[in-house]
Amino acid sequence: MNRLLRLLFWILIGRPLVLVVLGLNVRNLKGLPRQGPAIVVANHNSHLDTFVLMSLFPLRLLHRLRPVAAADYFLRNRAIAWFTLNIVNMIPIERVRAGKRAADPLQDCAKALAAGEILLVYPEGTRGETEALAKFKGGVARLKEQYPDVPVVPVYMQGLSRALPKGEYTLVPVVVDVFVGEPVVWSGNRQAFTQALQDSVTTLAAAAPSRTWR
Amino acid sequence: MTAFDISINAAIALLGVFALLILASGVAFGLGKRHPDRDYTELRQRIRTWWVIVILFALAIALPPIFAICLLGFVSFLAFKEYITLIPTRRADHRVLFWAYLTIPAQYYWAADGWYGMFIIFIPVYAFLLLPARMVLIGETEGFIRAAGTLHWGLMTTVFSLSHMAYLLALPASGNPAAGGDGLLLYLLLLTQLNDVAQYVWGKTFGRHKVVPKVSPKKTVEGLAGGILTTALVGFLAGPYLTPLTPIEAVIAGLLIGCAGFIGDISVSAVKRDLGIKDSGNILPGHGGILDRVDSLTFTAPLFFHFVYYLHY
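First to last, the protein sequences are chains D and L. Going left to right, the first sequence walks through residues 1 to 214 as this note's numbering numbers them. Going left to right, the second sequence walks through residues 1001 to 1313 as this note's numbering numbers them.
Chain L extracted, bound-state conformation:
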């Protein structure tokens, strides 16, 4: 096992994820057999895409941290690219956008290097000031606030927020004797994605009262509450094995991820509605674009990171 770099608990959690996937594939197969008249293509595509994501991610986690950090940086790149593709940009800002892309390798380098001070201010301070500086030097004033604002919002969500996942891997191992950085990242991803699924399933089963009909008409109070409670329960159960959190803290982390995941999800929905589109892309069959998959993480990643960081590092 020397080529691999993963704690026993994290490895068990990964096996658990694979077991869930096998279960999901089995259920989809059973549904197809029981209702041959119904079309389950999207469900099947969705699960197949999950297999690809989980296998890629499991490999990256099992190897030294730099692999997972590169993979996460690539996810940021894909998400930011989708965002830039969707929003209207100004012809004059071509070079500004080029510089904006360069913040991605820089931000993930700070994470890999464990340079916390730089990591935490690079995009909120330096990119925030320097990109509009480049913009204003080009001299196009029409649409300036809109261009600077949309660009920064994109960088904050797809690069800064998501890069907190990478920094979890750079935290000192002594802070989490149970499972190290891998454990924290797995815990965050497991809870965030499970929360998405749980909110969907609870909503489908018991959903009656709409939460935010203007943004996302399918989201219901019942789905939201059921999802958050499910996530808190799983957070409580998995906490001792994957994180340094005490039982109470683990429940709070679960509630935090449940609520934040919901807001992240509907924020990206609001962006898409504002632009008049349905999916952010087509790179993930059955899901849509990368943004559609990481929407919840743009909120849960930084909030979970700082929750753990404040309490245990």
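Just chain D, same shape as in the assembly:
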């Protein structure tokens, strides 16, 4: 039942919103993983980021896409929790570890990878105020260490901070530029990998067209 609702939502609302109301201009779409397990990391400015990322994959992969998002934010009331868990198929993650003895917050992510699913992760940990990239957190590196064969693909999205910025409720249609990068390879340790990931997204961002007056 949930699978059907999810499929209907993305066909009737999610994808038309992204493809018609917004519009996409994707560079290197072929760089995206065509099967799981895989991790896609992206910059985060807007709630619509997840809508855009999920629209980049063919519908046959819809049920394998697992956006990773903050439990404290998305589970704050029942309606939003139902929507994000069932329609978006999100993996909730605790941003603040409850205590030493609490379960590993990445446990569900690891399980999803083991089941061949595709994780969509925002390593900044939150939607930034501007298009500036915040410092990446280390979760993806921990997963990569655990699953060295899982490709980690960087993505940079531009335009969504104009379409629906943090704190706004009105949607302004804007064509979104999406840049898909090459998989980031494991570099020996977690810190270096996190840095390499951040650098790859920064490089993609530098290729994005400038939206300022010359």
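Think of the hints as simulated: they come from the structure by calculation, not from any bench. For every residue, glycine included, the Cβ atom is placed at its ideal position computed from N, Cα and C.
Derived CB-CB ranges, DEER-like:
| no. | chain 1 | residue 1 | chain 2 | residue 2 | range |
| --- | --- | --- | --- | --- | --- |
| 1 | L | W1051 | D | L85 | 38 to 48 Å |
| 2 | D | A208 | L | R1095 | 20 to 30 Å |
| 3 | D | G125 | L | I1145 | 31 to 41 Å |
| 4 | L | R1208 | D | R60 | 54 to 64 Å |
| 5 | D | R15 | L | P1285 | 16 to 26 Å |
| 6 | D | L4 | L | T1205 | 57 to 67 Å |
| 7 | L | F1018 | D | R3 | 42 to 52 Å |
| 8 | L | W1051 | D | F9 | 25 to 35 Å |
Stretch-level coverage of chain D by chain L, calculated; a stretch enters the list once three of its residues show a Cβ under 8 Å from a Cβ in chain L:
| no. | region |
| --- | --- |
| 9 | 156-168 |
| 10 | 171-183 |
Based on these hints, arrange chain L on the given structure of chain D.
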């Protein structure tokens, strides 16, 4: 034929457009056969996109006017969206941009309703005053003139100008016994797009002297003159079948569309140069963005509309 709502002349004109497309596809195929070493991908993409545009448009025209008006409103939406995407906007103006988008359904509603007074002042007066009012109430003064000016320029070209195509369909049928509103719209579109192609072909063949090298280095005096004369000739030939224009008026309409189309084309080129980009988007394979396709129409649509409106309505 009761489900369809189109005059015989307009239907014949549409068939003529399809014949042109078949010819173009044939030429592209022949070129590919004759020069297998050359790459005609862009030409082929361009023609394929034309097929999609013409089929969509022919369907919309053949159905009651509301379908074509909705389609044209959607074209305005896509063009305005491309424009907003390209220009720098201020973070503070988020809600102003939202209101600006809402002028599109309103403007096309006035057109569908045939409420001429509102149609003709809504964007030049009300949107012109109210959007900056919303802006100034937000209180950000830095970049105010630039933001208000660029927003209004976008609305005037992509919404107000283009919506004149929709109003052609709402004009009383008695004004154009030959082919009604459909005929006028077809005449405008046919001449404007043909003018683009003719200027390109004349320029490619005989082009020597540049017209506006700083804006568009490929445009030549020979292309411009050849294109305008071709458009005037086709305007003269098609005039009696699609419009209420007299032969002299039809020639003038052709010249008007030829000149205005050129200016519209290079105006969008100037916008793109100002912003440092090549194409306005990628929605139309082989053409670029919607703005790249409707650039000439932003000038020809209102000028042709008022030319006919003044003389015959």
